[in-house]
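J.: Line order of the protein sequences matches chains B and R. Each residue of the first sequence is one higher than the one before, starting from 1 at the first, in UniProt numbering. Each residue of the second sequence is one higher than the one before, starting from 1 at the first, in UniProt numbering.
Calculated from the structure, these hints are not laboratory results. Just so it is clear, the structure is predicted and the values come from calculations on it, not from any experiment. Worth double-checking, as some hints may not be accurate.
BS3-like, lysine-lysine: derived pairs with alpha carbons at most 30 angstroms apart [to be verified]: (1) Lys221(R) / Lys236(R); (2) Lys68(B) / Lys221(R); (3) Lys209(B) / Lys321(R); (4) Lys221(R) / Lys240(R); (5) Lys240(R) / Lys154(B); (6) Lys240(R) / Lys68(B); (7) Lys315(B) / Lys38(B).
Here are the computed distance ranges between Cβ atoms for each label pair [said to hold, decoys possible]: (8) Ala221(B) / Lys7(R): 27 to 37 angstroms; (9) Gly162(B) / Val15(R): 41 to 51 angstroms; (10) Gln11(R) / Asp64(B): 19 to 29 angstroms; (11) Thr21(B) / Lys321(R): 58 to 68 angstroms; (12) Thr21(B) / Tyr235(R): 23 to 33 angstroms; (13) Arg116(B) / Pro114(R): 22 to 32 angstroms; (14) Ser262(B) / Leu320(R): 48 to 58 angstroms; (15) Asp64(B) / Tyr235(R): 17 to 27 angstroms; (16) Arg317(R) / Ser65(B): 26 to 36 angstroms; (17) Arg317(R) / Gln305(B): 56 to 66 angstroms; (18) Asp279(R) / Thr21(B): 58 to 68 angstroms.
Backbone N, C-alpha and C fix where the C-beta goes; we use that ideal spot for every residue, glycine too.
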Amino acid sequence: MENSEHIPLLEVRDLHTYFHTFSGTVKAVNGVSFEIGKGEVMGLVGESGGGKSVVGFSILGLIDSPGKIESGELLLEGQDLVTAGEDRLREIRGREISMVFQDPMTSLNPLHTVGRQMDEVLRLHSDLGAEARQTTCIEMLESVGISRAAERLKAYPHQFSGGMRQRVVIAIAMLARPKLIIADEPTTALDVTIQSQILKLMRAQIADKGASMILITHDLAVVSEMADHITVLYCGNVVERGQTRDLIENPSHPYTRGLIDSIPDTTQRLDRLSQIPGSVPDIRNLPQGCNFRERCPRAQAICAQKEPSLTPQHKSLMAACHFPLKPGEAA
Amino acid sequence: MLGYLLKRLIQMTLVLWVVSVIVFIMMSFTGDPVFMVVPIDATDLEIEQARRLLGLDQSVLVQYWKFMTSLLHGDFGRSYVFRQPAMTLILERLPATVEMVVVAMVLAVAVAIPLGVYAGANPNGRISRTIMAGSLMGISLPGFWVGMVLIYLFAVTWGIFPSSGRGDTAEVLGLRISLVTRDGWHHIALPAITLSLGTMAILLRMTRAGMMEVSRQDFMKFARAKGATRRDVLYKHGLKNALIPVITIFGLQLGDLIAFATITETIFSWPGMGKLLIDSIYRADRPVIVVYLMLVALIFVVINFLVDIVYTLIDPRITLK
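The whole structure should be built from the sequences, with the hints applied where relevant.
T.: Right, dumping it as structure tokens:
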């Protein structure tokens, strides 16, 4: 037990998840590695189409045809989920790893009461009797800030607002006390005023239950408040990772720098918002060398020839760049 | 709810009235029933007498007025041919038709739903493609052809089932039902299968389309992320959400089969009301046709009403207004 902190809760090793479509193979996740310890919050950051959600679904074994985990390991406390059978995965889903989806308007079944959808988790993952299950559901709903919980169990999702529904989704995700929550853009579809409430709620819930969380988002501002460490994805590859503070204050990859500079700074008045030029390349037809070079202000000849690999940078950072930024250096 | 019922009742009365008008007008343009009633060598005088007897010497308007007033007194008119109340004629034959349709619909649903769910959940599999090809045949093959092929194979060649007629019946709650006797089932098998194939194919395709649509929804993936079994995800979460259009079509098909099982009944000499309709049309037996079509309209209205109620049972977002 004394060195339990050194065994990561989840270790992702060189994960490749491809989608074999008619118009070519989409290498949505192409060699992603990271690990997350017990009780930690990891931010998984990147632009749309960067493969963030696919990482989340890969962990739960929810990649549907034509998608497939081509290679890599997903070690949950040392047990590989890639080679685990569907029966074992079903035990893990909801009980050990659960997921919160982006849009609470669509992630609840509109035809079942909230109570039934919560009860389903407990029926699958606990031996509790009907009454005990109901009590657990009521307590859970109350703990995510829904009042008159006993009454609300009988209500249908359409009778809740968006923020309330996301609370219900979080309650469902927390019900079986999972060790890991994968939150896929949990606040993107919500009103700005609700966003911080939901984030606070999630942080309180995981701290309370001692769970870990992977927070998938494109919003660095959100992740910098929540995460212990951050992994930045670009075109299915990890381009940089490290402790939140190190990465936000002094990123070493030009892409991370670009993402941070894109956050509007209210203390400075600018005529134009900063942005990363260009757009994410067609993932079916990636350029040779560094995937980011066409949008990178620091790109040189070697970037077109050789794909950079993750190398240690200053402090806790690892970055995949031939010309990483030094602390304080502008892109 | 009470207001809703009242509204539906008024609607229903209106529909029935409109149907009676349309049928009456159409009837007055087609053929002269008198010649179907009198002997072939009847004199002009006899023909005139018969015409007066049937009330056909009066204008359409007067005929309609008489029809409506006696209808409001519970008299639906008498068949020219059978000299019996038209309603009695039809109601006598209704159980035979309804029992055949019920068997056909149960069969259609029992086959269509599981296969449709499977094909919708695995749209690219070889089995799904086979199912879909089969359903295309079910839709495009005409009932009379299927019926004749079934008779040829199962009755003529192999002698497993009888080719025609209704089997032994027994009285249940005052109705003569053949589903309670072995012989009855023996006779109903072929006509019910024939009648069910088209509906089966349509329901299957509706179920598949609905399931494909629902499978893309987030809550299906969320249900899987909760650890639900594939079966529960498909049937408890998926099917229920795919069911509304399936039930709509089910209702329409049910009405259609009860009203117009004519062809199947004719092929299998099934003594149902579809055959009565065809015979009445041949003989220009107007009172029977009018009452028949009004009864059909009533059946459709009632089924539609029931379908609306079922909607609200399935989807809490739908309310009766």
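J.: For each hint, tell me whether it holds in the structure or not.
T.: Do the hints match the structure? See the list:
Taken as a hint, the Lys221(R) and Lys236(R) pair is honoured in the structure, with Cα atoms around 13 angstroms apart against an allowance of 30 angstroms. The hinted pair formed by Lys68(B) and Lys221(R) meets the criterion: a straight-line CA distance of about 16 angstroms does not exceed 30 angstroms. A distance of roughly 46 angstroms separates the Cα atoms of Lys209(B) and Lys321(R); the hinted pair therefore is violated under the 30 angstroms criterion. Distance check on the hinted pair: Lys221(R) and Lys240(R) sit about 15 angstroms apart at the alpha-carbon level, within 30 angstroms; holds.
Distance restraint check for Lys240(R) and Lys154(B): the Cα-Cα separation of roughly 18 angstroms lies within the 30 angstroms cut-off, and the hinted pair is therefore satisfied. Under the criterion of a C-alpha separation no larger than 30 angstroms, the hint pairing Lys240(R) with Lys68(B) is consistent with the structure, at around 29 angstroms. A hinted pair counts as satisfied when its Cα atoms are at most 30 angstroms apart, and Lys315(B) with Lys38(B) qualifies at roughly 22 angstroms. Here the CB-CB span from Ala221(B) to Lys7(R) is close to 54 angstroms, at odds with the stated 27 to 37 angstroms.
With their beta carbons about 42 angstroms apart, Gly162(B) and Val15(R) fall inside the hinted range of 41 to 51 angstroms. One distance hint, 19 to 29 angstroms for the beta-carbon pair Gln11(R) and Asp64(B), is violated here, with the actual separation near 46 angstroms. The supplied range of 58 to 68 angstroms is broken by Thr21(B) and Lys321(R), whose beta-carbon atoms lie about 45 angstroms from each other. Between Thr21(B) and Tyr235(R) the C-beta distance comes to about 29 angstroms, which sits within the given range of 23 to 33 angstroms.
A hinted range of 22 to 32 angstroms for the beta carbons of Arg116(B) and Pro114(R) is consistent with their spacing of about 23 angstroms. Judged by the Cβ atoms, the range 48 to 58 angstroms given for Ser262(B) and Leu320(R) holds: they are separated by roughly 51 angstroms. Checking the proposed 17 to 27 angstroms range against Asp64(B) and Tyr235(R) shows it holds: the Cβ atoms sit about 18 angstroms from each other. A hinted range of 26 to 36 angstroms holds for the C-beta pair Arg317(R) and Ser65(B), which are about 32 angstroms apart.
The hinted range of 56 to 66 angstroms is satisfied by Arg317(R) and Gln305(B), whose Cβ atoms lie roughly 58 angstroms apart. Between Asp279(R) and Thr21(B) the beta carbon distance is about 60 angstroms. The supplied range of 58 to 68 angstroms therefore holds.
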